[in-house]
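*Asks:* Chains as they are written, first to last, in the numbering used here: chain A, 495 to 742; chain B, 2 to 294.
In case anyone wonders, no lab produced these hints; they're calculated from the structure.
A portion of the hints provided could be inaccurate.
[Said to hold, decoys possible] In the DMTMM-like style, the derived pairs of lysine to aspartate or glutamate whose C-alpha atoms are separated by at most 25 Å in a straight line are:
#1 B:Lys285 <-> A:Glu641
#2 A:Lys719 <-> B:Asp276
#3 A:Lys645 <-> B:Asp157
All values derive from a computational prediction rather than experimental measurement.
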Amino acid sequence: MPYNIIVLIKQIPDLELIKINKDTGAPILEGVPYRFENLSKNAVEAAVRLKEKYGGKVTAVMFGNEKGTQVMKEAYAMGVDDGYIITGYTESNPRFTAKVLANKIKQIPHDIIILGNQSADSMSGMLASFLATQLNYPLLSNALKIEINDKTAIASEGAEKFVADETAPLPCVISVTQETNEPRFPPVMMIMKAGQKKINIEPLNLPVESYSKVLSKMAPKSERKRIIFEDMDKGLPEIVKVIKEVVK
Amino acid sequence: MKALIFSDNYDMAKQIMGRAMQDSQFTLMTTESNEDLLYFGAEKVIFLKGQPVYSCIGETLISEFKKGYDFILISSTTIGRDVAAYVSSKLNLDYMPEVFNYRFDGNKLITKRFSLGGKVVLEEESDAKILTVTPGVGEGIKSERKSLSEELKIPDGPIKVLAINPKQSQGVDIEKAEVIVSVGRGLGKKEGLALIEQLAKKVKGEIAGSRPVCLDYHWLSEERQVGYSGKKVRPKLYIAIGISGQIQHIAGMRDSKTVIAINKDKNAPIFQECDLGLVADLYKAVPKLIEML
Ligand SMILES: Cc1cc2nc3c(=O)[nH]c(=O)nc-3n(C[C@H](O)[C@H](O)[C@H](O)COP(=O)(O)OP(=O)(O)OC[C@H]3O[C@@H](n4cnc5c(N)ncnc54)[C@H](O)[C@@H]3O)c2cc1C
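If we strip away everything but chain A, and leave its shape as in the complex, we get (with noise of 0.2 Å):
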């Protein structure tokens, strides 16, 4: 049975590519690009596994800016069919981020919604809750395993100190991460493709909504003495002198 898939995918700045002014602590954030969001290439993986198996259509939304578009373009030659970018996004906020999605996905005929569970930038893990109690859905966490069985979703939530097999009725909303797949690497033919197809673009409709003030961005403090060695017979006397210091 085919089934209507809507993914949700995040763009952020390449974080080994921002540097912290060295006089103020703060991040320079002008000039770093943007890249697909780690979980989120897991969360298209399962959309399209999943589209694979059952049959259906990949739609794939995401909160981000115009710069979303090559991120998007990635999702295309993964096997994405469709897809949104709603611009406007100016922070992290999982609850108003669930809030702009959620009207989205209003307007999309889907059963099942893919996220990644936790982002690499902001990690407050708490998009995927919000979302589904907005929807009013129920949401199957950390998914390892994926099944659908006509109406009824089947995963395997990954906590910390279990595995729990799950079900819930369609709609419903998955979350996804690192060890629920590989993400691909789409061939050649599927890249140059997915140049060329249409991106649809829509301005957020919303006040902004924040929650806090933010009073400091800094880099946190780092005390270490860097005493770096590269000769060898140099280096290992002072290691061993550290180590027994610690370990008598």
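Since the structure of chain A is already known, use the hints to place chain B with the ligand on it.
*Replies:* Here is chain B with the ligand on its own, set in the frame of chain A:
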């Protein structure tokens, strides 16, 4: 201040109670069953029985909260985060995720959390009433007085649990270790662990690892993963071998007293986060180090 705490993790339940004790009276709700939790200063401990489904746990929290609490503290675990967003939505109360430090300032709450994957600390003022808190937020303090004890059945909901398979635990607790020898992907192969074990023995340390080593390759068990999504450790000595030092890893070992790093790439970020570093192939350096100890 009166706090309602939820945790599905014994250690974190103790840590959060330790923090709450500083400025609040509190009740603990937990899916754990260890009766030790009755001796950490809670007025009342409510042991939740039944299937651990986030929305159903959320409902029990909401009914308890309505009896008169000021805020809710929830441990940041897979289930905890889902419960927190559920409760925040249903009660329409502000929230703050991943808090590692908080204090009250009049009616406002001042919190600290990491952002940009751990690169920066955000200090924020908010009206948040529902917080998810990360490991290390406090330290459990034993109390003479025994808490009242209650049992409550988690109600059923649309999600059915068919089976629960506990993950095997080897019972190691790297959070309590004084010396940690931690390995990363640079190890290259599982067989390399033999060498690391020899070193760990010499320095009387526990072995830990980065996320790829624990989660992707399963060379080590998950309970040995250090980092943002793993354990937060604070040993006297942390020896990082073949670990690049990505921010998510640093977030778990930042509070170590002394850090030694061995990595063959002199530009590896771990060299910015260590006290003593050696640029070398671990398979050359570690055998020599063992010999010298
Ligand atoms: C949401 C999220 C959460 C995460 N949580 C965590 C977490 O909790 N913990 C964690 O660790 N990571 C976490 N990560 C992953 C993190 O971003 C890095 O990918 C990971 O820490 C890298 O592990 P590594 O240093 O072992 O591997 P790599 O980055 O591949 O580094 C290997 C290092 O070994 C060195 N090396 C190679 N061969 C040798 C040799 N023979 N001798 C000496 N050195 C050698 C290399 O120079 C390199 O620096 C998370 C990521 C995300 C997105």
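*Asks:* For every hint, state whether the structure bears it out.
*Replies:* Against the structure, the hints:
1. For the hint pairing B:Lys285 with A:Glu641, the CA-to-CA distance comes to about 48 Å; that exceeds 25 Å, so the pair is violated.
2. For a cut-off of 25 Å, the pair hint linking A:Lys719 to B:Asp276 stands: about 4 Å separates their Cα positions.
3. Restraint check for A:Lys645 and B:Asp157: satisfied, since their Cα atoms lie roughly 20 Å apart, inside the 25 Å limit.
This entry does not satisfy hint 1, going by the numbered hints stated previously; all others are met.
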